[in-house]
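Undergrad: I would like the entire structure built from these sequences, with the hints used as guidance.
The primary structure of each chain is shown beneath.
2 protein chains.
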Amino acid sequence: MDQRIIKERHKLLRYLEEKGLRLTKGRESVFNEVMATHGHFAAEELVKGCKEHQRDVSRATIYRSLREMLEAGVIRETAFGEKHQHYEHVYDETLHHHARCVRCGTFIEFDDLGEEDRYRPLLEKQGFKVLGHELHFYGICHACQ
Amino acid sequence: MDQRIIKERHKLLRYLEEKGLRLTKGRESVFNEVMATHGHFAAEELVKGCKEHQRDVSRATIYRSLREMLEAGVIRETAFGEKHQHYEHVYDETLHHHARCVRCGTFIEFDDLGEEDRYRPLLEKQGFKVLGHELHFYGICHACQ
DNA sequence: ACTCCTATGAGACAGTGTATCATCTTAAAA
DNA sequence: TTTTAAGATGATACACTGTCTCATAGGAGT
Ligand SMILES: [Zn+2]
Ligand SMILES: [Zn+2]
Ligand SMILES: [Zn+2]
Ligand SMILES: [Zn+2]
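In the order they appear, the protein sequences are chains A and B. With numbering that gives the first Met the number 0 applied, the first sequence covers 0 to 144. With numbering that gives the first Met the number 0 applied, the second sequence covers 0 to 144.
One should not assume that every hint holds.
Note: identical chains are not told apart, hence a pair may lie in one copy or across any two.
Result set (EDC-like, lysine to aspartate or glutamate): computed pairs, CA atoms no more than 16 Å apart in a straight line [stated by the list, open to error]:
1) 128 - 70
2) 82 - 43
3) 50 - 27
4) 6 - 81
Rather than coming from a laboratory, the hints here were simulated on the basis of the structure.
TA: The following block contains the structure:
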């Protein structure tokens with residue numbers, strides 16, 4: 000098994016132990032399904048995927064597990080101005096960004112280039128008319144450390 | 000009245016005319032409330048604010064008007080990984096970005112500095128531990144133009 | 001006044017996510 | 001091994017955001 004997944008698993012185990020929780024079949028199924036999913040996913044997609052590829056786990060447990068994995072730093076939220084939450088796991092994260100069409104909601108994904116200015120010409124070249132951009136940092140604030 | 004608001008109003012009028020729609024009392028109330036709101040706002044906040052400061056407009060109309068103003072380019076969506084949609088108007092937009100704490104959800108807002116690399120030290124100095132960032136462009140894709 | 005088209009509000013509805021609670025499991029304690 | 005306590009789970013009720021439908025109201029032109 001991928002060494003990086005094992006590392007993520009340890010992250011989760013550390014978190015669970017710290018909280019006095021156990022790695023149960025349910026939690027493991029959610030973890031496995033998340034690791035098997037590449038790119039972004041919505042919680043409800045995971046509910047379906049989990050029923051299909053792993054054991055049958057209830058929605059309640061899946062949502063609970065997602066919150067735990069978020070706290071554990073195994074997944075992170077991604078925000079695209081959509082109605083429902085999206086997540087992606089962290090372990091194979093190649094830093095990338097998104098351009099979203101405000102009309103149809105389509106996404107273009109592209110790798111990180113280091114400097115902001117380089118993206119615009121690239122997008123315009125693809126016929127994407129840039130209206131603006133937002134830089135969104137995520138992390139842990141002073142009070143929460 | 001602020002010259003910039005008049006300009007935004009024209010934007011909206013142009014859009015409505017183009018679509019064969021009228022600037023009614025309802026639409027005007029929503030527009031006014033949006034312009035009177037600074038920073039980000041959620042649709043439901045606007046529903047409350049509209050009832051309070053403007054005439055009583057139904058939720059249905061408010062949501063409809065928001066969609067129109069979005070299409071007209073008077074407001075834009077902002078995405079922070081929350082359950083519900085956020086908006087802000089464009090007219091007094093000083094380009095700014097956000098850092099969000101993944102634990103408590105608190106935001107730090109800060110002005111645009113042009114280059115990505117400059118933000119990290121600034122945030123770390125404030126005690127914010129950066130885990131990552133996302134660059135999010137919005138605009139209109141090739142197919143939708 | 002008549003007609004057509006848009007505008008509106010009430011309420012039903014759908015999707016996502018949370019809270020509750022009774023039941024089941026597990027692991028430790030006796 | 002039984003007992004016991006804590007965590008885990010699933011069913012279900014619930015809350016919230018947003019959309020859709022439909023009946024009615026309103027406005028502009030004839
Ligand atoms: Zn992505
Ligand atoms: Zn598009
Ligand atoms: Zn902002
Ligand atoms: Zn915090």
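Undergrad: Checking each numbered hint in turn, tell me which of them this model violates, lowest number first.
TA: 4
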